[in-house]
Each structure stands twice: as structure tokens, then as C-alpha cells.
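Starting from the known structure of chain F, arrange chain U on it as the hints suggest.
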Amino acid sequence: MATSRKSTSIKIGNNRDIPKLSKALCERMLADLEKARRPMLEATKCSLDNAVYNPKVGFLTPGDKKVRSELNVSSVQKLSRAIFFLEILLRNLETGAVNNKRELYYIAKGECKHNKDLKPLDFADQSESDSVVDFITEMLECYREELNVFANDRGGQTYSKNLIVTEHMADNEKAVVDLGSLGTSPFQPKNKPQSFTLKAKKGKLDFCLVVESEGTANTLVSNGFTKRNNCILMGAQGVPSNAVRSWAKTIQDQLKIPIYFFGDLDAYTIQNIYRTLKAGSAASLIRNADFSAPEVRFLGVLPEDIKKYDLADYVVNPKDAAEFRSLKKAQDALKNDPFFKDKKNKGVTHVLNWLIKNKRRCEQQAFFMVDPKDPLMPEKIIIDKIKRGEFL
Amino acid sequence: MGFSSGTKAVLTTLKEAVDNSLDACEDAGILPNISIEINKIGPGTMKNMDTIQVKVIDNGPGIAPDDIIRVYGEYLASSKFGRGRCSRGQQGIGISAATTWGQLTSAKGVNVISKTLKMKKAISGTIEVDIKKNQGNFKNKETIQWDRPHGTSVEFFFDGRLQLQGEGGVLTYLKGTSLVNPHLELKYKINEDEEVFFERLSTEKIKIPEAVPPHPHTLKLGEFLAHAHLFGQSTVATFLKRGFSRISDNTIKLLEKSGMPKGIANRSLPKTSDSDLKKVYSAIQKTELLAPNTRSVLSIGEAALAKSIERLGEIDFFSVVSRKPRICDAKPVVVEVAIARFVSNKGDNDDPVTVLRFANRVPLQFDKASCAIAKAIESVNWKAYGLQQPKRSLPLGPYIIAVSVVSPFIKFKNASKETIDSSDELVEELRLTLMQAGQRLSRYIKKEQRAADLERKLQHIEQFGPILIQCLGRITSAPKARLEKANIGLTKLLGRDTDAAESKLQDAVDKHQKLQERIKIRRGAKD
Chain F
1 MATSRKSTSI
11 KIGNNRDIPK
21 LSKALCERML
31 ADLEKARRPM
41 LEATKCSLDN
51 AVYNPKVGFL
61 TPGDKKVRSE
71 LNVSSVQKLS
81 RAIFFLEILL
91 RNLETGAVNN
101 KRELYYIAKG
111 ECKHNKDLKP
121 LDFADQSESD
131 SVVDFITEML
141 ECYREELNVF
151 ANDRGGQTYS
161 KNLIVTEHMA
171 DNEKAVVDLG
181 SLGTSPFQPK
191 NKPQSFTLKA
201 KKGKLDFCLV
211 VESEGTANTL
221 VSNGFTKRNN
231 CILMGAQGVP
241 SNAVRSWAKT
251 IQDQLKIPIY
261 FFGDLDAYTI
271 QNIYRTLKAG
281 SAASLIRNAD
291 FSAPEVRFLG
301 VLPEDIKKYD
311 LADYVVNPKD
321 AAEFRSLKKA
331 QDALKNDPFF
341 KDKKNKGVTH
351 VLNWLIKNKR
361 RCEQQAFFMV
371 DPKDPLMPEK
381 IIIDKIKRGE
391 FL
Chain U
1 MGFSSGTKAV
11 LTTLKEAVDN
21 SLDACEDAGI
31 LPNISIEINK
41 IGPGTMKNMD
51 TIQVKVIDNG
61 PGIAPDDIIR
71 VYGEYLASSK
81 FGRGRCSRGQ
91 QGIGISAATT
101 WGQLTSAKGV
111 NVISKTLKMK
121 KAISGTIEVD
131 IKKNQGNFKN
141 KETIQWDRPH
151 GTSVEFFFDG
161 RLQLQGEGGV
171 LTYLKGTSLV
181 NPHLELKYKI
191 NEDEEVFFER
201 LSTEKIKIPE
211 AVPPHPHTLK
221 LGEFLAHAHL
231 FGQSTVATFL
241 KRGFSRISDN
251 TIKLLEKSGM
261 PKGIANRSLP
271 KTSDSDLKKV
281 YSAIQKTELL
291 APNTRSVLSI
301 GEAALAKSIE
311 RLGEIDFFSV
321 VSRKPRICDA
331 KPVVVEVAIA
341 RFVSNKGDND
351 DPVTVLRFAN
361 RVPLQFDKAS
371 CAIAKAIESV
381 NWKAYGLQQP
391 KRSLPLGPYI
401 IAVSVVSPFI
411 KFKNASKETI
421 DSSDELVEEL
431 RLTLMQAGQR
441 LSRYIKKEQR
451 AADLERKLQH
461 IEQFGPILIQ
471 CLGRITSAPK
481 ARLEKANIGL
491 TKLLGRDTDA
501 AESKLQDAVD
511 KHQKLQERIK
521 IRRGAKD
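Here the protein sequences come in this chain order: F and U. Each residue of the first sequence is one higher than the one before, counting from 1 in this note's numbering. Each residue of the second sequence is one higher than the one before, counting from 1 in this note's numbering.
Looking at chain F on its own, in the form it has when it is part of the complex (with noise of 0.2 Å):
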């Protein structure tokens, strides 16, 4: 497959012209075939094993695998579909259309309706087309939003008394927004990049708190979180959107205030959900940089938690195929995943062994029955958490 023969690859970089990029690569592939030449194209690897863990950097970043595919008879119809999607978007960016994975799948089946000609590449459901547009990104080492391809918004409802947002519209436009001003409604950023300046109403936030759970960020606010606490309150509503990133990164960058996360002590918690907002995930390799807030500290669950409050906890049933499946990513992860294995976050990683070794499991929401005549119990907790400095 590979050879030594220079591979079409593009780089990341600042104000990268999709559209202009795209051509090259067309072309270059038109040129190869012209000289009956394979046309090959590289992409960086998007995996576990080629994730590299830097303390100072503080998310995974790619290391040096490349995933390289190749024009033959096996992959003539893979390629082919890849350009014909590639014509579409280049379209969209034209013309300033956007659409999420859905739409694309439609709007290919239409042109293949329409134009004898495609037939052949009609898709049979939204999984073939969703890979296109994955194999497409990797190719042109993008974003998918850099091609107008947005996701649903999830996640990152966001509150607080003391935070004015101003976000810079393309058309040089500013939106401000006092988030003290909204009522009971939050503040949600979107799943496309925006661009933002934060600022604090008067002196300086205190903290944010990212919960896990919407429905118990929720509660927090309407028993009156924000109201008692100089803070930004965040809902995550499980494994945090590319919104929901990119939106912690912003507070982390601009506000320079501490970030705690708050969520169940559990495998899948700390492994997936909590890994990924500080450093990132190995899907995402190459967006890690815009999509991660390293200085993200856990505040709990921990085990020592459980006993200190008395908090109800339950056994991990090793039949129940979620959980047992939770575990045993847990025992890859510390043996293969660079941010476990590296020592400046060994307080995680000793939890996640407590996980492993204890086959229990404690639920956020546990911190409701430390005094249930107390609605105002689990803030105090939490509160009291984050000034005795009992986070990771």
C-alpha cells in the first residue's frame, strides 16, 4: 500500500481555504491517474495506540501513525463517493448551506435519484453516507463544521449571575448577553464554532461547575446555586458534545477560574465522560487542541465520599453487559490509554483502580440522601468540597 511516492495529506492550519485545499487535492489525484499512478491519500491515525499524552500540553495529541488509502478496484467505489460528497459540500461552502449528517444523506440520495449517471453510488442508508463525510474530514484533516456540517445541539446549558457573553457574528456583528439577565432559561453555545468574549458583570467568578447530570444542574439552580455562588454552573447531559468542549476550553482560556466536574464515580464517568472534557478523546485527535479544558479538576463522587457521607452505593453486577463492558474498557484503558498511565494524573487513575478493585459504584444524585429534609444538602457538600480542596 505504502510507497515512498509523496502522498496527498494537508495540514491543520490557521485559516486553512477548505474549498482551495480540496482542489489541490482533486487535482493532484486527477494528475496521478493522467500518469496511470495510483493516487494516494494519507490521513492522520485516529486511534488509541497513535494518541500521545503530554503533561504540559495536557490533551491527547496524534503521534505519528498515518492511515493511508489507495485507488484500486476494491476502493474505486469508496473514492468515488468520497469526491461526489466532496462536490456537495464544496457546493455548500459556496453558497454559505448548511446541514447536519441527516440532511447530506438525503440530499446525496436525491442527486442520485436525479442524474442516471450516479446511480451506481446510491447510499443505502445514513451510515454509509456518515462515513463519506468521516472519510472526508480525515482526508482533508478538517473539522466537519469547516465543511458546513453541524451536529444537533446537546448539552452545555449554562448559568450564572455574573457572566456577560458577547459573541462576534461573521458579519461583524456582537451579540451580547447577560446571562443574570436570562431568568430561568440557560445559556447554550451550539454545536459550530462561535466565537465568544467572556467577561465577569462585577470583579472576578469564583468558579464553574460542570455537573454531569442536566436534570440534577437543574436542580442546583433552581434551589438557588447561582444565586448564593459567584459561579458559571454548567449541565454536560452525559459525554460532553464538541459544544460543550470547546465552551469549557473557552471559560477555561478567558476567565482563567477554577473548572470542577461533578458526576457519578464510575468507570464510564471518569473514563469517558470526564477524560474527554480535560484532555480530549482519541476519535478526535487532531481537534483535541479546540476541544478540551486540561485544567478541568474531579470533584467527585470519590470513594473516600462514599464513606465520609454515608452515601449509598451498589455493586457492579459483572452480568449486566453495560457494566461488565465498563469495566473491562476501564482495565484497557489503564494498560493502554496514555492519560491513565501518565503520573500527573495518578488521582484518577487510582480511583479508576479502586473501580476496577471494588466493583462498586456511587451515583451523584447519592448526595440527596445525607439530609433529605435538606434541599440546599448536596451544594453544601459541594461547596464545602471545593474549599477543603477534596477534588483530584
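Just so you know, these hints were derived from the structure itself, not from any lab. Mixed in with the good hints there might be a few duds.
Said to hold, decoys possible - Here are the simulated DSS-like pairs of lysine-lysine, each with C-alpha atoms no more than 27 Å apart in a straight line:
| id | chain 1 | residue 1 | chain 2 | residue 2 |
| --- | --- | --- | --- | --- |
| 1 | F | K256 | F | K201 |
| 2 | U | K492 | F | K119 |
| 3 | U | K480 | F | K23 |
The model shown is predicted, which means the values in this text are computed figures rather than measured ones.
Here is chain U on its own, set in the frame of chain F:
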């Protein structure tokens, strides 16, 4: 036994009559011609049953007049039990049971016509069973002119249900019988359908190997004692040497070392107590004996199977394996396997394969799940040979897997003899044979896969090449001349890939042809 449902009643009656005909022909060295007629002639006497007529005529040696009553009207009259031969019938129960069933349900015995070569005229009449006395009654006995030098005709009327297709179907039985009996010329007519004729494919007469006494390690204690009680006047030593295989004077000395009381060998067998015989039995079990002789086992042979498999329907390829006799559980066994794919239902890839099971060349059609043959088929990884297979199940596809087990001592799970007991050794021998057949099958499948691969690659080039060039042209705004040049370049590039695929296909075709030639040579040698 075999009459627990209407479907089984039809099949058992037919099987018993055909088994008797085939065994008789083979014993007399005659190439069998069998003609079968099955008719649904009206409602039965029992609820949800029909009256069925089954008539089987053969060209066998015929039955002497004195023996006719015993064969059809008495139980255990011709018992071959423990004889150590690979014959179909073993206990002499089946055909008398069919007569009894006819009598019970339609008040009619079996109509018999029989003629031996020595008889000038054939004898005809109706045999009924007197169950209380275990003896037959010959009614309407008369001599008649018959159009053949020798043979037997039997005709039963009884309550049953006629099922043609499926595992318990009459047609499945007839096809199975024709598969494992290539020397059989078979005609059958069912109801108003046209008569079907299977030409004889092999003129080689079946040589049934001589009977051998049982190997002592194959008997349970009860069977050993029963064998001793029936053996008659002799010494214990003579009983052991003549009543069993692989026991000699030297073996008897070894038995004494293993705990057989000294002096018992020369004692009179009838005067020896059961407790002493138990000691003899126990010593035999502790003593290592030579494995049984495998010469007593009969095989159908690869060449014969390769011919007769085409009787099952139009097939586009097959593979057959006939293993040498092996010892399983101290019994000689021959396992043979034929796998074929039908042309007519080539698209049926989601249904399990059709399994045909045979024990001593008799099709087994009920209780498949717990049979050693089914277990062995399920335990093989058929995916390795190119077939689809859900986990621990039969493989899928329009294939037929026919497995024959031949042995003078087949151990069945139940009295109806439909399920072969699945001992570890037998299942392993079956597995090995199936895997060998699977390896041969995979050569055919590989050839097909290579051809499909080449076809797919050619299609890909034709379909996707122009689209790729056109899309690249539109994005780069390249002139037509560049696109034409790129098109030529692409064709050259992908042509190299198809050349490689063609070469692989040729390789597979060559290997396939070599295999075909080997089969032809084997067939030719047998012809």
C-alpha cells in the same frame, strides 16, 4: 414402535417392506428391482386418518411356502440380533408389526405373493397375526401363475397419513434409499402422480461381509449373561472363544491374571453361576483386547455415492468422502458423507441444509436433534468451508448433507431406531469425515467466490471509474482532454487489479478441474 402417528405408520410399513426386499436380494446375490405403489384410498377407521395402501414388489429370491407365515405372521421369527452383520433388519419384529397394524386398523392382514426359483407357480394369500399365540394364519391360500421367475409382493392396507416431503416424508425416504443403494432399480407411483423410475447406477453386487461374533467390550453385563444362557452346552472357555471375537487361549490366561477365578474356564457353562459369570465379565473389562476386526463392515464407496447423489435432484456440485473402517467404542464403523448443492433452490440461503441420515443404509427420519450425526454436523465450523452457519446450529443454504454410518453393531438411543447414540468417539469420527467433505466442498466454493470477485471488480470499474473522473473534472474544472487521459490511466490501473483477480480465478478453476478429474478416474475404475 414406529406406529405412534399416522405419518410414522406409513413410513415404517414402507421401510420394513423395502428393507426386507433389499436384505433378501443382497443375501441371494441378486441386483434388486423394487416397485412401489402407495395410494390414499379413502377415510380411515380412526379419527383424522386415511386408509393407505402400500404395495412393494421385488425380484428377490422369494420365500418358501413354509416360511411365509413365519416371516409376516410371527414376531422374532427371523431374528438376526447380535449376528454381527451390516444388515438392515436386526430383530425380525418390523414386518410382523406392520401386519399387526394393518389388522388392528383396517381388519386386513398382509396380502402376499411369493415365488422361489424352484416353485412352478407362485403362492398367494393373506397372512394375519395371532398375537396371543405369536403365530400367523394363512388365509385364502392358493397357487397362481406369476409373471416372474422369483420374487415377493406384499400389500398392506392400514390407517395412516401420507406425508410426501420433509423429514418424515415418503419421498425423502425414497430419495435417501436410492442414494445409498446405487445398485437398486426403483420404480414408484404415489396416488395419481406419474410413475418415477430410478435406473440402476451400479451393476456391482453388494457383498455383505461375513458375520462376526460380538467383541466382548461392546456388551453390557445383562447382554453378556443372556448370551451365556442362550449359548448352549459348552465350557466357559469355548463360550468365550466362539461366542466372541478377539478371545483366544492366550487371552483366557490374561483374563485369569485380571481376576477370573482359576479353573472356571474349563467348567460347564450351564452349570456356572451368574455370580461367577459376573467375575468373568469383570475380568474381560479389565483386560486389554485386540480391537475388533474391521472386515465385517460394508461401505458404499465414494464412486457409488458420486453417481447416486445425482438421483436427489439437479445439483451443480458435490463432494463425497468414504472413510476407511475405524473402531469407535470397540465397534467397527464406516462413516461416509456426501454433500451436494441443488441448482433449483440455489437462492435459498437462509434455510438450514437438508440432512439425510442413514444407519446401515436405512434412512433415519425422526428425532434428528439428539442423533450423533446431527450433533457432529453442528459441531463442525462450516464457515471455514464457505457456508453460513449460526452458532451451534446446522449450516445454511441449498445444500444436502447425507451421512451414512455402517456397522454390525449400531447403538440406537431408542427402540424405534431413529437416533444413533452420540458417543464421543463416534461423533469425532463423524466430524473428521464431515470436515474432509467440507474441505473438498470449499474448493468449489472458492472457485465461485473468485469468479464473483472478478465479476464484482469488473462491475466496479465500469460503474465507478467514470463517476470518479467526472467528479474530479468538475471540481478542478479540467478540460475534456485531461479527463479522457485520466480515464485511460484509470482503466490501465484497475486492469492490473482485474488481471490479478483473473489469475486467481484461473488458479481456482485449475484446482477444481483436477478434483473433478480425480473423481472421474475413480468412477471409471468402478465402472
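Next item on the list: If any of the earlier hints don't hold here, list their numbers in rising order.
Entry: none
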